[in-house]
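Those protein sequence lines, which keep their order, are chains A and B. Going by my numbering, the first residue of the first sequence is number 1, and it counts up by one from there. Going by my numbering, the first residue of the second sequence is number 1, and it counts up by one from there.
If you are wondering where the hints come from, they were derived from the structure by calculation, not from laboratory data. Among the clues, some could well be false.
[Stated by the list, open to error] Only pairs whose alpha carbons sit at most 25 Å apart, straight line, appear in this in silico BS3-like list of lysine-lysine:
{"no.": "1", "chain 1": "A", "residue 1": "Lys122", "chain 2": "B", "residue 2": "Lys108"}
{"no.": "2", "chain 1": "B", "residue 1": "Lys104", "chain 2": "A", "residue 2": "Lys122"}
{"no.": "3", "chain 1": "B", "residue 1": "Lys98", "chain 2": "A", "residue 2": "Lys122"}
{"no.": "4", "chain 1": "B", "residue 1": "Lys98", "chain 2": "B", "residue 2": "Lys3"}
[To be verified] What the simulated footprint calls covered on chain B by chain A, stretch by stretch (three residues with Cβ under 8 Å from a Cβ of chain A suffice, anywhere in the stretch; the number is not a length):
{"no.": "5", "stretch": "17-25"}
{"no.": "6", "stretch": "28-36"}
{"no.": "7", "stretch": "52-58"}
{"no.": "8", "stretch": "85-92"}
{"no.": "9", "stretch": "124-136"}
{"no.": "10", "stretch": "139-145"}
{"no.": "11", "stretch": "149-156"}
Being a predicted model, the structure only gives us computed values, none of them experimental. Beta carbons: idealized from backbone N, C-alpha and C, even for Gly.
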Amino acid sequence: MEAYIIGTLIVGFIAGFLGQRSRMCFVGGIRDLYLIKSTYLFKGLIGFLIAAFVGYILFNNNIAFPWFIDKGVMTAIPGAPCTIGLAGYIVAIIGGLGIGFFAVLSGGCPFRNTVMTAEGNKLALLYVIGFFIGAVIFHLFVFGFIQDLLGC
Amino acid sequence: MIKEKEDIVKKIKAFRISPWMAGAIIGFLAASLQKIAAMTKPPAYGFCMACHARDLINSIINPIAGTDLGIASIVNTIPTLTVIGILFGAFAAAIIFKEFHISKVDSKISYLKMFILGILVMNFALILSACPIRTSLRVAHGDVIAMVGLICIGVGAILGTIVLERRVEV
Chain A
1 MEAYIIGTLI VGFIAGFLGQ RSRMCFVGGI RDLYLIKSTY LFKGLIGFLI AAFVGYILFN
61 NNIAFPWFID KGVMTAIPGA PCTIGLAGYI VAIIGGLGIG FFAVLSGGCP FRNTVMTAEG
121 NKLALLYVIG FFIGAVIFHL FVFGFIQDLL GC
Chain B
1 MIKEKEDIVK KIKAFRISPW MAGAIIGFLA ASLQKIAAMT KPPAYGFCMA CHARDLINSI
61 INPIAGTDLG IASIVNTIPT LTVIGILFGA FAAAIIFKEF HISKVDSKIS YLKMFILGIL
121 VMNFALILSA CPIRTSLRVA HGDVIAMVGL ICIGVGAILG TIVLERRVEV
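Please put together the full structure from these sequences, using the hints given.
What follows is the structure, encoded as structure tokens:
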């Protein structure tokens, strides 16, 4: 358990350092691909997917080939509404559209905004504060609402 | 000799890593962290902005306010520190390469806008229960629902871009 806590801190530190040096942003990559046909940032997403896939094959976290799981891997986590079956797909569509839309309006994905906070951007700082408060709001109000709405 | 040294200093100051390499390194670390730390219980949980921030804030608030806000079962006592790590890492990089400067913003409306956008993004991310990074991690893990989520993030991002374009034109 302590190894995991320290591990997240170290991985976060490395990711923050590299993120500041590379300006990596997944949503920004999709935006640039659409807007100015530039694949520079989008390659970050491709590299991430390939490397994570290789990592999961090397450090086999209970993936047995064929590795497609359509039960949703989130089932073990409390705090995730509706992860199984049709409701899981509906939730994925609502959540995905919402993240993409509002992340573009805020100038990048949460990772990029956190990095920008550390660079001294006051607007991004307000974004991160809103991010933390949003988590509390989600569990106080939205979580129950989604569960009632989809009946799960 | 002095010129060579200056060149080296210049090269160090201009050190940049391409997003391709950064993504690959972060992806590999995130995928291998859980196995190394022997924490395989929630799958694909090595790196997430939204979920780890949620774990951090809720595990601070729960003992103080006596509430029972949801956190991942592995972190009942100590929170995950990804967000703190990112802040320190990016701050260190910004200081080393002299890119730290506090921005000047005059309008208070843009503060309010970013604050509300932060709340909205966090809520949608927790509805999907993954930020864009963890969605990619889940896709690499082989989760079909997350694939739908990633495609929808792309569609949503394109919609948002169109809205931004229109606003600029008008």
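So, going through the hints one by one against the coordinates:
no. : hint                : verdict
1   : A:Lys122 x B:Lys108 : holds, 11 Å
2   : B:Lys104 x A:Lys122 : holds, 8 Å
3   : B:Lys98 x A:Lys122  : holds, 17 Å
4   : B:Lys98 x B:Lys3    : holds, 22 Å
5   : 17-25               : holds (count 9)
6   : 28-36               : holds (count 9)
7   : 52-58               : holds (count 6)
8   : 85-92               : holds (count 8)
9   : 124-136             : holds (count 12)
10  : 139-145             : holds (count 7)
11  : 149-156             : holds (count 8)
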